[in-house]
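There are 2 protein chains.
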Amino acid sequence: MDDRIHQHASVLVDWSARITAGDNVVVNVAEGAHNLAVAVADVLGERGASLVMTYNSAEVSRAYLRGHETDFEPAPAHERALYDAADSVLILGGDRNTTATADVSGDTKQAAAQANKQIREARMSTDWVSTVHPTRALAQQAGMSYTQYQDFVYDAILRDWETLAEEMERLKRCLDDGSELRVVSDNGETDLTMSIEHRTAVNSAASVAYDSHNLPSGEVFTAPVETTVSGTVQFDVPMVIRDTRIRDAELTFEDGTVVDYDATAGVETLAQILNTDPGARRLGEVGIGMNRGIDQITNKILFDEKMGDTVHFAVGRAYDACLPANESGNESAVHVDLITDIGSGAQIEIDDEIIQRNGRFKWDPEFDPSGV
Amino acid sequence: MDDRIHQHASVLVDWSARITAGDNVVVNVAEGAHNLAVAVADVLGERGASLVMTYNSAEVSRAYLRGHETDFEPAPAHERALYDAADSVLILGGDRNTTATADVSGDTKQAAAQANKQIREARMSTDWVSTVHPTRALAQQAGMSYTQYQDFVYDAILRDWETLAEEMERLKRCLDDGSELRVVSDNGETDLTMSIEHRTAVNSAASVAYDSHNLPSGEVFTAPVETTVSGTVQFDVPMVIRDTRIRDAELTFEDGTVVDYDATAGVETLAQILNTDPGARRLGEVGIGMNRGIDQITNKILFDEKMGDTVHFAVGRAYDACLPANESGNESAVHVDLITDIGSGAQIEIDDEIIQRNGRFKWDPEFDPSGV
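From first to last, the protein sequence lines stand for chains Y and P.
When the count follows this note's numbering, it moves up by one through the first sequence with no breaks and lands on 372 for the last residue.
When the count follows this note's numbering, it moves up by one through the second sequence with no breaks and lands on 744 for the last residue.
If you're looking for bench data, these hints aren't it; they were derived computationally from the structure.
All clues stand as given, with none of them false.
These stretches of chain P come out as covered by chain Y in the derived footprint (C-beta under 8 Å, 3 or more residues): (1) 400-413; (2) 420-431; (3) 445-457.
If we take Cβ atoms under 7 Å as the criterion, some of the chain P residues that face chain Y in the derived model are: (4) Asn396; (5) Gly417; (6) Ala435; (7) Tyr436; (8) Gly439; (9) His440; (10) Thr442.
Backbone N, C-alpha and C define an ideal beta-carbon position, used for all residues, glycine too.
Only chain Y is shown next, with the shape it has when bound in the complex (with noise of 0.2 Å):
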């Protein structure tokens, strides 16, 4: 077995999900995480931790949904219980078939995931973390060869994150203390100004320890007051969303609403994402990815929105872990990332200090204020 899945399994386990001896741990294997799961168990055997490894396949839950004719039961009690009673669950991912389910209806997807709710609640109160393990199927729709894919999947996964932890650590003190913060190009395309006053960033190192739980993660995020974005941004960095390519998004802001938008590609999509409600057409979180590993986008969003050298926006719904106790921030139905490339020609001012200039931050020895 390649030995980076010997150190994937690692890496989950103590660095992400900090499991000990006596942990109760589900283990959520997809149907082509197989060799990733007898990495972890042999770790989590190590560590005295007591396994239940559940079955995700998509062709299984196809055929399910498909074959279900009445209502979805809310919380099935042996479903919940198992959860209940989990100290961490483990989600390894790793698609055989990422359409697999394309043939059951949206409608039957939508209701079972609204009665799946509870479950779900259930197992996010625990030390979860999702990470994924490369598969043919996601080398496909990254338009990689296999060993490509694996390659990247690892640079993205096998990184030093502790000393990873420290500079994000840097920028959420940077973005926790200032009020303002500006991301403008130096072509004119993107000039987007917001408070972030009073908001709490945070560091998500890819472990519970940073309330991340992710893997890979390697992004610091927060949400910006969402009345008073302002401004216009080029998302130059193309994505599938909806099964549609979106390239060259535009959107400018005034007093914190879309009042236009544009793309080169999927214009269609991106205005129905825009019309969901009126909290679709105010920003929920900016983050910065900061993750090197990634340098390229592969369509998924586990891996897109953490590549270094970015700046993401997401429409839509904020994360309560960035608000202030008794606030509550943006509401919406859907929370939609869209990404900016700044590595060059571009900069990130917080109170109008630059803090990074053509992907460099302040404190990089080769940070330069001025440079083209």
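Given chain Y's structure and the hints, the job is docking chain P onto it.
Frame of chain Y; chain P shown alone:
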């Protein structure tokens, strides 16, 4: 997908496990049983049951067991909670390598099995059914091509269970009403008698409605009064027991105890079994195979002991279900089945009446009590 997989799923869910709307079902999927899991999910969806699917991978178990260094937790709370709240457990066997745990020490396996006792009991207190999906590894163990093995498995499983259950009920009544059972072969190799007075036979009709938990099943078995077994039996059906081929084993009983034994192959293993404890030298079970879909040995006891035209005797532990309420039967740490072909030149007698001759029961049109 082979339509027989769908038929298998329907038999399992409807005939064997009797699952209805609202049931909380755990489906335990072996590495090689994915396709059966998909078909079972389809039927469970149709019935409106709720589903948790667990992954039973021998390679995962091997990794976990080899990694583990301390004592095993006897009953992890999350696993216990899952089974306590389950109505049914469907165990879908299907190894990809029947020797996948060959390099786990016997001590470790035994310690894990010992710790797992409460979980096993919680599972056994549901309406559980164990079945198997044909895999290449199981075909290999049976010495068959994959296609040949698939045909074999579905011949065994896709029976007219209702009709077979009625026929087996007739045999059960003969055994329940009888006092003395004799199995005798024309060639004189086998002539064994035993009391079955006050013992209750089990009609193992592959359904929880018959307290039968294997699919396929198709045997009627009871427990002899262990001190009354007398005579000799030759087991002419070769079997692999404890990784050793045993051929032409022969046991001679006096006053219920084996006083002489032999075999043309595997005699050391036979000795090892018989010397486990005093109960290992007495009979715990006599069973009559009635599944005519099973016509050869495949080195998997789930199938072997149900083969039509055979009788099997198990040395060791007796099943409680066969015993009078306040009586405990033969006690032993082992329960090892050995099989004799009685399809020709042999008969079964109850209280001196021939109830089967040359594989035909007294109610069969072809029954000929004096046939050769």
